[in-house]
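**Student:** Protein sequences, first through last, are from chains A and B.
Using our numbering, the first residue of the first sequence is number 1, and each one after it goes up by one.
Using our numbering, the first residue of the second sequence is number 1001, and each one after it goes up by one.
I should point out that these hints are in silico values taken from the structure, not numbers from a laboratory.
Any given hint might turn out to be false.
[To be verified] Derived pair list, reagent style SDA-like, types lysine to any residue, alpha-carbon separation capped at 25 Å:
hint, chain 1, residue 1, chain 2, residue 2
1, B, Lys1116, A, Thr190
2, B, Lys1182, B, Asp1207
3, A, Lys50, A, Thr39
4, B, Lys1079, A, Pro197
[What the hints assert, rightly or not] Per the computed footprint, the stretches of chain A lying under chain B, defined by three or more beta-carbons under 8 Å from a beta-carbon of chain B, are:
hint, stretch
5, 75–84
6, 180–186
Even glycine gets a Cβ: it sits at the ideal position worked out from N, Cα and C.
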Amino acid sequence: MSTLRNKLKPGWLLVLPFLALVVLFYLGPILNILMLSVTDPAPGLANYAKLGESDALARIMWTTVRICIVTTFFSVLLGYSIAYGMVHSSTQKQSLMLTLLLVSFWISILVRTFSWLMLLGNRGLINNTLLGLGIVSQPIEFMRNELGVLIGMIHYMIPYAVLPLLVNMQSLDMRVMNASRNLGASGTQTFWRIYLPLTRPGIVASSLLIFILSLGFYVTPAILGGGKVLMIAEYISVQLLVTLKWGTAAMLAALMLFGVLALLWLMSKFMKLSTVFGGSTQ
Amino acid sequence: MIETPQGNLQINGLSKSFGGFRAVNNVDLEIRKGEFLTLLGPSGSGKTTLLMMIAGFLDISAGDITLDGASIADLPAEKRNFGMVFQGYALFPHMSVRDNIGYALSVRKRPTSEIKARVDGMLELVQLQDFADRKPGQLSGGQQQRVALARALCFSPPVLLLDEPLGALDKKLRVEVQEQLKDIHKRIGTTFIYVTHDQEEALSMSDRVVIMRDGAIEQVGSPYELYEHPTTKFAASFLGKSNFLQRPDGLYALRPEKIDICGVDSAGVGPIRLTGNISSVTYFGSMQRVIVNVVDGDPIEVDVDSWRNKQPLTEGMKVNLSWQKGAAVKLSRD
């Protein structure tokens, strides 16, 4: 007992209640889901076998992955230019931009999705304007398709893309860019050969973050997709609430969990994850 | 190969203002081809600002810079073809030593074979042949410094700018690298413009030293000229140590090692000029620093070679101070 007490640093006692909370309310349910996926309705791997059998499931998974990849690409691309613009502005402008960014963080996803509804609908602001000006004769289908889902998701994800990139870019030593120019490299060459490689940890971090968050997206695809664009999260909810196939839902949830873990493992093969999350360049 | 201009740099009436503050004020300077010129001054004297304007990283507020007769004031940094060793080196952390050194040639789209040959030559020059494939983070400070030097010299620039390149090294290593730098300068004949606040570095390495103060040039000359014939009080006290004597016809500077201490009755190297009492003696091995309180004026600092010390010097001793004619230099101003 005394040896145990010696090994346990007092700091651990402080986090012990929280640790217990996490185990009880977080690990517990996850294990329960994993159990459900192999026991409901009958013990065995029947739920997982459905993946190979059901075309609908395969289509949903492919839609999900495709939307996540496109969302990640455009969010990081736009986030990169925003972060770049912020780092190279005066301190005053930078804090203004950061405030605007955080404000969009604080607006509920529901509000933001419904705003897009008003903008993109057939009788929405954009289509009404285009029709009124005579630029188009038929309203453009922005909604009830993948385009609408992508617009909504990318818009929501951009702040998440900016923050890791911003931290990364702020930690760069600008003398290194000066050195590049001094050695005769143009601005473009300096960007591709020095700046971009040095911001790679930030790019990886925000891509990972956005891809993982996108995998579980529910509200935006449900509203802007109008039931036509089915992603995993919505399908899980249907299985839980409508068809009551808890086993299938649990299987899909488990699949998403393992997918994320596999992604993290893959990344760790290429770079130290701590540098990704620390956003440092070393 | 890359053409090598003459490397004769002319600075005319150059100024830089930040808001209302003049960091560099109307500087005229000619930098001759192949010389080792040091900009020496305390922090805030404008030496780094001047260097950054030469490099093209700072816009010029007034004046002009010409290279071999042609103005380069409007050329962007990447078109000036000046090598530069940055404070803290600014190596590319994601590239190997080889790629760092070859960068200037690679952005100029030189053939791979030429880059390899040239980089090999540079690696040999700075004696880093065995480190070509390492990343900068895996090198010691001294090695990083040499990579920075090789990178800056790889494209045979007519002028090399060095911004306090030894600031991050410890004292012992610094002396060693000073020797290497001097040696490399001698071998390649490039014009070196070197910024430092370290007077020993300036004295031991340069062909000419520019002492800067408050954005303007205080005095320019060879280390010998500056040390032996300072024209201002600032120059005399910033480069080496100096006593100052107020005489009816003006202020004089007198180096501590030029003063001879003798007992009250014995003769010195010259006529006895001052008499006083020793207030302190500090022993440094090869020499002793003696402070003598004199009746009229500030205490006088005297450096005495230990081996010439005929009698032990103790506090309170009454001594005569003598020096040769011409040892005290008349200053033109503060």
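**Student:** Next pair to validate is B/Lys1079 with A/Pro197; report whether the Cα-Cα distance is within 25 Å.
**Tutor:** Given pair B/Lys1079, A/Pro197 holds - Cα atoms ~24 Å apart, limit 25 Å.
**Student:** Is the Cα-Cα distance between A/Lys50 and A/Thr39 25 Å or less?
**Tutor:** 14 Å, holds
**Student:** Mind taking a look at whether chain B covers the stretch 75–84 of chain A? Criterion is 3 or more residues with CB to CB distance under 8 Å.
**Tutor:** violated (count 0)
**Student:** Within 25 Å, alpha carbon to alpha carbon, are B/Lys1116 and A/Thr190?
**Tutor:** It holds: about 21 Å lies between the C-alpha atoms, which stays within 25 Å.
**Student:** Apply the coverage criterion to the stretch 180–186 of chain A and chain B: a residue qualifies when its Cβ sits closer than 8 Å to a Cβ of the chain, and three qualifying residues are needed.
**Tutor:** holds (count 7)
**Student:** Is B/Lys1182 close enough to B/Asp1207, meaning Cα to Cα at most 25 Å?
**Tutor:** 10 Å, holds
Consistency note: the structure conflicts with earlier hint 5 alone.
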